[in-house]
Structures are given as structure tokens and as C-alpha cells.
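Peer 1: Sequence order for the protein chains is A and B. Be aware that the first sequence starts at 1, since it is given in the numbering used here, and climbs by one per residue. Be aware that the second sequence starts at 1, since it is given in the numbering used here, and climbs by one per residue.
Heads up, some of the hints might be wrong.
Stretches of chain B that chain A covers, calculated by requiring three or more beta carbons in the stretch to come under 8 Å of a beta carbon on chain A [said to hold, decoys possible]:
1) 157-167
2) 211-218
3) 318-327
No farther apart than 25 Å at their CA atoms in a straight line, the calculated lysine to aspartate or glutamate pairs in the DMTMM-like style are these [claimed, not checked]:
4) Lys302/A with Asp8/B
5) Lys318/A with Glu112/B
6) Lys325/B with Asp202/A
7) Lys28/B with Glu112/B
8) Lys70/B with Glu167/B
9) Lys199/B with Asp303/A
10) Lys28/B with Asp66/B
11) Lys349/A with Asp292/A
12) Lys124/A with Asp83/A
13) Lys173/B with Glu112/B
14) Lys219/B with Asp321/B
15) Lys293/B with Glu237/B
16) Lys173/B with Glu94/B
17) Lys111/B with Asp171/A
18) Lys302/A with Glu277/B
19) Lys326/A with Glu215/B
20) Lys178/B with Asp303/A
21) Lys217/A with Glu7/A
22) Lys326/A with Glu232/B
23) Lys318/A with Glu167/B
24) Lys296/A with Asp247/A
25) Lys341/A with Asp319/A
26) Lys325/A with Glu216/B
27) Lys319/B with Asp247/A
28) Lys181/A with Asp319/A
29) Lys222/B with Asp171/A
30) Lys341/A with Asp261/A
31) Lys177/B with Glu237/A
32) Lys47/A with Asp28/A
33) Lys325/B with Asp292/A
34) Lys325/B with Asp223/A
35) Lys149/B with Asp303/A
Selected chain B positions facing chain A (in silico; Cβ < 7 Å) [to be verified]:
36) Thr38
37) Gly133
38) His188
39) Asp198
40) Phe229
Honestly, the hints are just simulated from the structure, not real lab data. Please read these numbers as outputs of a predicted model, since none were measured by experiment. Glycine residues also receive a C-beta, built at the ideal position from the N, C-alpha and C atoms.
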Amino acid sequence: MVTISVENVSKKYGDIIAVDDITLEFRDGEYTCIIGPSGSGKSTLLKIIAGIVKPDRGRVYFDGEDVTDLPVDLRCIGMISQDILLFPHITVWDNIIYGPTAKGYDTDIIVRAGREIIGLLGLKYNFRSYPDSLSRGSQQKVAIARALATHPKALLLDEPLGGLDVRAALDLKFEIKRLAKDLKLTTIHITHNQEEALSIADKIVIMRRGRIEQVGKPEEVYDIPSTPFVARFVGGESNFFEGVIIDESSGKLIISVKDLDLRIETPSIKGLSVNDEVLVSIKPEHIMLTKDEGVKGTVVEKDFLGAYTRLIININGKDVIVRVKKTSLNVGDTVRVLLLKAHIFPYPKEGLERAIAYE
Amino acid sequence: MSYLEVIDLRKNYGYVKALRGVSFSVDKGSYVVILGPTGAGKTTLLKIIAGLLTPDHGRVMLEGEDITYKPPELRGMTYMPQGYALFPHMTVWENVCFGAEVRGISMDTVKEILEIVGLYHRRDSYPDQLSGGQQQRVALARSLASGSKIVLLDEPLSALDLLLNVELRYELKRLAKKLELTVIHVTHNYEEALSIADKIVIMRRGRIEQVGKPEEIYKHPKTVFVANFIGEINYFEGNLHRGDNKYDVVEVSDIGGILVPRGLGVEGHVIIAFRPEDLELYKNSPPPINSFKSRISSIEFHGLRYRVMLNVGAYSNVKVDLWFKKPHVKVGSEVYVHMPPERALVFEYPKEGLISALSVE
Chain A
1 MVTISVENVS
11 KKYGDIIAVD
21 DITLEFRDGE
31 YTCIIGPSGS
41 GKSTLLKIIA
51 GIVKPDRGRV
61 YFDGEDVTDL
71 PVDLRCIGMI
81 SQDILLFPHI
91 TVWDNIIYGP
101 TAKGYDTDII
111 VRAGREIIGL
121 LGLKYNFRSY
131 PDSLSRGSQQ
141 KVAIARALAT
151 HPKALLLDEP
161 LGGLDVRAAL
171 DLKFEIKRLA
181 KDLKLTTIHI
191 THNQEEALSI
201 ADKIVIMRRG
211 RIEQVGKPEE
221 VYDIPSTPFV
231 ARFVGGESNF
241 FEGVIIDESS
251 GKLIISVKDL
261 DLRIETPSIK
271 GLSVNDEVLV
281 SIKPEHIMLT
291 KDEGVKGTVV
301 EKDFLGAYTR
311 LIININGKDV
321 IVRVKKTSLN
331 VGDTVRVLLL
341 KAHIFPYPKE
351 GLERAIAYE
Chain B
1 MSYLEVIDLR
11 KNYGYVKALR
21 GVSFSVDKGS
31 YVVILGPTGA
41 GKTTLLKIIA
51 GLLTPDHGRV
61 MLEGEDITYK
71 PPELRGMTYM
81 PQGYALFPHM
91 TVWENVCFGA
101 EVRGISMDTV
111 KEILEIVGLY
121 HRRDSYPDQL
131 SGGQQQRVAL
141 ARSLASGSKI
151 VLLDEPLSAL
161 DLLLNVELRY
171 ELKRLAKKLE
181 LTVIHVTHNY
191 EEALSIADKI
201 VIMRRGRIEQ
211 VGKPEEIYKH
221 PKTVFVANFI
231 GEINYFEGNL
241 HRGDNKYDVV
251 EVSDIGGILV
261 PRGLGVEGHV
271 IIAFRPEDLE
281 LYKNSPPPIN
291 SFKSRISSIE
301 FHGLRYRVML
311 NVGAYSNVKV
321 DLWFKKPHVK
331 VGSEVYVHMP
341 PERALVFEYP
351 KEGLISALSV
361 E
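With these hints in hand, go ahead and build the complete structure from the sequences.
Peer 2: Encoded structure:
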């Protein structure tokens with residue numbers, strides 16, 4: 001219901017740069033997830049959009065109108081955080097209708113707003129009970145109902161599923177997405193859980209150290225990571241190797257991965273040529289196990305993870321993480337591996353460790 | 001004789017029955033994960049083993065000795081509570097060394113443990129200079145370096161970002177094995193449990209639902225609650241009757257007869273379930289049995305997998321997961337969904353009703 005944009009926004013806390021010159025647009029009705037490690041500045045950015053924190057520099061616009069100096073209660077937003085801030089001393093029903101009541105609407109309008117939102121969320125609680133009689137998951141649903149009862153144009157969610165049981169969070173995340181879409185809300189959802197983000201977002205923003213690493217659709221940030229950190233962060237766990245370009249011909253690069261004693265071929269990459277050092281990132285699910293083709297290795301670890309199995313394969317003394325759907329291999333078995341896909345980056349000046357560092 | 005054993009533990013808090021008769025054993029050097037929803041009694045159980053609570057009934061045995069009433073400090077165990085009580089006036093290094101020095105753990109081991117949790121470079125920092133996740137990693141390092149051979153961990157990875165949580169799981173298991181620790185680890189996160197545990201104990205409402213190896217529990221859950229709690233399932237209600245000599249048939253209204261291997265379930269009212277990754281999609285010529293016409297209502301990208309949602313008969317939310325590959329089907333198209341008989345999970349219809357049987361509360 002509103003297009004939100006931030007332009008060159010920065011915020012410092014003492015010497016720490018929390019948000020460093022960020023420009024972003026959140027389109028009308030779009031569901032955006034901002035992901036990144038703790039301390040990456042995502043919460044600060046959300047608070048700037050909400051009007052809770054004032055940026056040191058930069059502007060915030062709602063539908064083109066500058067709202068940087070507009071207080072939080074005039075921005076027509078609903079905000080949900082990990083700490084469920086329900087009023088403990090009033091009933092579930094009174095919590096839900098708190099917004100319309102505080103605005104001094106007529107009783108029949110308040111009651112209609114409350115019933116409407118209860119119907120929409122399909123809440124089936126004892127509304128005369130108090131919040132602490134509900135589970136955490138249910139309390140969070142009531143908090144969402146309370147936020148929506150004020151008819152916001154945008155929904156800002158700061159780790160809304162944090163602190164919930166994994167199983168309860170799984171169900172609630174799809175419910176939040178459905179609601180946001182039904183109500184055509186512009187939604188900005190912050191999480192450190194990249195799986196959660198990939199499964200519900202229209203658009204993903206990846207942040208680290210106060211800056212944006214990449215913006216794209218879920219499939220884009222997974223398939224075409226623009227930095228080594230994104231390659232590590234999206235999809236969870238990755239393999240990194242040092243490589244060098246040894247040949248270039250007819251639009252192809254040949255890269256030698258010394259640690260694995262193998263060569264890979266990729267389409268040419270702008271700015272990279274023969275003898276350049278590169279960083280090769282290989283996702284654990286992009287490695288195929290074969291009997292008689294590829295490089296030889298030994299299975300040194302095997303973990304059953306339900307829907308798939310994670311293996312560690314030692315190849316020339318180097319541990320490689322592999323994910324396969326099914327396998328009859330066991331620890332100690334010899335196997336050969338083929339690479340299905342790799343992501344190539346210019347070798348980072350700051351060094352590998354720093355380039356993929358979490359903090 | 002088991003190394004560590006709890007026998008028929010019961011504990012009430014006023015009217016609330018936190019534990020209603022819990023028994024299981026732990027082998028020396030094994031990694032046991034106690035998994036269950038909030039309120040299952042996991043923390044109470046861990047505190048009784050640690051000696052911080054006494055049970056109303058039952059015993060805790062360590063190498064044949066009854067230690068139910070033995071003071072915590074004489075049990076040779078280290079307990080890491082939820083939250084992380086670090087010494088605020090000591091650096092990271094001093095916090096981790098605190099127990100290690102007393103018990104004669106080498107400083108090399110301390111260094112290695114700090115490196116594994118990724119905080120060796122912060123060894124001179126004080127706890128209030130660290131984030132919550134970092135403090136949790138320090139607390140974990142301190143527990144592992146305490147010199148105790150039995151380590152009790154209450155949600156040790158819960159405050160961590162997902163990626164750190166995933167990466168630390170494997171390191172934690174590796175380190176526990178290397179230091180020959182016996183670990184009891186409490187969590188509500190089934191993925192964490194599957195990836196770390198030698199043995200999983202699933203608890204609910206003060207009772208044990210199932211004990212087994214990760215693969216055993218995932219593939220052969222004893223109850224529909226366990227099936228649903230340790231991963232996702234599609235479930236259908238039906239009636240099981242004897243078929244020919246190889247298969248029994250579960251009649252599901254609006255879908256038809258689903259064949260299951262003989263002897264998998266008892267005759268009568270049942271729930272039949274399939275995991276999303278076990279269902280197969282065919283555009284044409286599906287296997288002759290257990291293949292049903294369906295329509296694709298959505299395809300979602302979830303990172304490592306694609307989730308295809310199907311309408312099958314009256315069931316509108318059948319989930320099919322394709323791991324590590326792109327689907328070759330389109331939204332709106334008709335496909336056959338094949339339910340491999342050997343992958344079927346069959347449960348007697350729960351007496352308490354299905355909603356209550358699946359509830360995580």
C-alpha cells in the first residue's frame with residue numbers, strides 16, 4: 001500500500017558505523033527480507049524506516065514524500081519484534097483492539113476492526129483470557145493481530161519468529177506471508193535465518209558490516225552470489241578453494257584448483273585473465289559422487305539430516321562438504337567426485353578469511 | 001550396566017506435572033540429544049541429572065551408583081544453563097580457563113576450543129564487549145574445557161545466528177568425541193538434533209515419546225507426533241484393510257486406495273503419512289500403483305530445495321520437496337503424484353484426536 005525508499009542513509013553509534021550509506025527501495029506490496037549476521041545493521045535500518053531511530057545522514061520517503069522527520073506514530077506502520085510486547089494486564093481481546101481504542105474510535109468500529117482481524121488470522125483463542133495463558137507462538141499471532149487492527153500500510157518485522165520453537169516458527173512464517181499478501185502490505189522482514197528468508201521473500205537484501213552485499217530475488221542470490229560472503233551465507237555452509245586461471249580461449253576460462261588437483265571450466269568473467277588468482281566457491285549440493293569419474297577422495301564423516309545426508313570427503317588432505325539426497329556410502333569408503341557448478345570470484349585483497357568472515 | 005541411567009523420574013511443580021515417569025540410559029562417550037517442544041520437561045530433566053533439582057520419584061544412576069541426592073559439585077558433571085552466566089570481571093580467556101586450570105586441562109586444548117568457537121581473537125575481551133551469540137560461544141567453550149567427563153548443555157546453540165548454529169553443530173560433535181565427553185544436550189530444534197546426536201530422546205508433556213538413532217526416528221517414528229515433530233509430513237485419514245498377500249490398502253476418501261506393505265499398520269481407522277521428499281512427480285506414465293492425478297498450485301524456492309504444492313482429491317496442501325534440483329513441471333499443470341508404498345508411515349488414529357496428537361503445546 002506504500003512504496004518506501006531510503007536514500008544514502010547512515011547511522012553511527014559512537015565509533016561504530018551501524019548503517020553505512022544505504023540506498024534501497026521497497027515497492028508497494030512487496031515482501032522483502034533483509035538478512036545478515038547479528039551486528040550487520042539490519043535492525044538499525046528497520047528502525048530508521050519506522051522512525052524510531054533518526055539517521056545521521058540520508059532521507060526516508062513514503063510514496064515519494066519525505067518522512068525523515070515524521071514521528072513513528074504518524075507513519076501508518078505496524079511493527080512486530082522478537083520480544084512480544086503484549087500488555088500482560090489486559091485480555092487478549094483488549095490487546096487486539098488496543099490501537100483503534102487508543103485512537104478514540106466509536107465502539108462499533110472498534111469491535112468490527114477486532115472481529116475482522118480475528119477472522120482474517122483465524123484465531124481461535126479464549127479472547128477473555130490473558131496473554132500469558134497462551135504459548136509464545138500464539139502470543140506472537142495476537143501481537144500481529146494488534147498491529148494489523150490499526151490498518152497499517154506497511155508491516156515491519158524484526159525477527160518475528162525468533163524465540164519460537166522451530167516447529168511453531170515453520171507454520172507461522174507462511175501465515176505471516178499469506179496475511180501480508182492478502183492485505184497488500186509492503187512488508188520488510190528482518191532475520192538472521194536465510195532459510196526463512198528464501199522461502200517467503202519476493203526480494204532479499206543481504207547486509208554485512210552496515211553495507212549491502214547483494215539485492216535480488218531468492219533464486220538470484222542463491223544461484224548468482226555477487227560476493228564470497230553471499231556464497232557462504234545463502235544456502236548455509238560452502239566450500240572455498242584457491243584457484244588460478246591457467247588458460248583462456250573462446251569465451252572460456254580454465255581454472256586450476258590446486259588443493260583438489262582438478263581443473264574447472266567456466267564462461268569468461270570480466271576483468272579476469274590468465275595467471276589471475278581466484279576464489280572458487282562450491283556449494284555442498286553442487287558436488288556429485290560417482291564410482292569411476294572425477295577426483296578420488298575418502299569419506300571421513302557422515303551425518304544423516306532427514307531429507308538429505310551431509311558427508312565430509314577428504315580429497316588430497318582437504319575436507320570437502322557434500323550434500324546428497326541418498327547415499328549408501330559409509331565412513332572409510334573411497335569415492336570419486338565431480339563438480340557440477342562453481343562460483344568464481346577475483347581473489348579478495350583482504351584475504352579469504354576476512355572476505356567470508358561472519359562478523 | 002549403563003554408564004548413566006535415569007529411572008522413572010517424576011517431578012511436579014504444584015499441579016503441573018513436569019515429568020511423568022522418564023527412563024533412559026546414556027552410554028559412555030555418547031552424544032544424547034533430548035528433543036521436544038517448550039514445556040516438555042527437558043530442562044527439569046537436565047537439572048535433575050545435574051543435581052540442581054531433586055525428583056519427587058525415581059533415581060539417577062552413574063556407573064551403578066545412586067546419585068539422586070548427591071550434591072551437584074560431587075557428580076563430576078558440568079551444566080551449562082540456558083542463557084550464559086559468564087564472569088563479568090574476567091576476560092574470555094580467563095572465563096574459559098577457570099575450570100580448566102583446576103582440572104588440569106592443557107592450555108593448548110583451551111586455545112583449540114576457543115579457535116573452534118571462533119573467538120580466540122577475542123580472548124582478551126570482557127563479556128559485555130561481546131554480542132549475545134559470542135557470549136553463548138564462550139559459555140560453551142567454558143563447559144567443554146571444564147575437565148568434566150559429563151557435560152549437560154541446555155539449548156547451547158539457540159542464541160546463535162542460523163549459519164553459526166549450523167557450522168558449530170558439527171564442531172561441537174567433533175570436539176565432544178575428541179575430548180571423550182559424554183554429552184546430554186537439550187533442544188527444540190530437530191535439525192540440530194538430527195545432525196549432532198548419536199541418540200535422540202523425544203519428549204512431550206513430561207513423557208518420552210521415542211528413543212532412537214536419528215535415522216531410526218526419522219524413518220520409523222512411533223507416533224504421528226514424532227513423525228511431524230522431527231520433520232514435515234503430509235497426512236491423510238483413512239481405513240486400513242487387508243489386501244493381497246504383499247500389500248494392505250488404506251482407503252482415503254477423495255483420493256482412493258493407497259497400498260502399503262503388509263503388516264505396517266493394524267486394520268481400522270488410521271493416519272497414513274508421507275514425507276515431502278518421499279513423494280515423486282510424474283508428467284506421464286507413473287508407476288502402476290499409488291499414483292494419483294493432481295494439480296500443481298504453487299512452486300516455491302526454499303534455497304536447497306523447491307517445494308511443489310499440489311491439490312490431490314480434496315487435499316489442497318500436499319507438499320512435495322525436490323532437493324538440490326529444479327522442478328520440470330509448471331504451476332497449474334496436471335501431474336501424477338506417486339506415493340512409494342515402502343515410504344508410507346502408518347499410525348493408528350489417535351484416540352485424543354488428530355489436532356491434539358500433533359499439537360506442539
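Peer 1: Which of the numbered hints are not met once you compare them with the structure shown?
Peer 2: 4, 8, 11, 17, 27, 28 and 39
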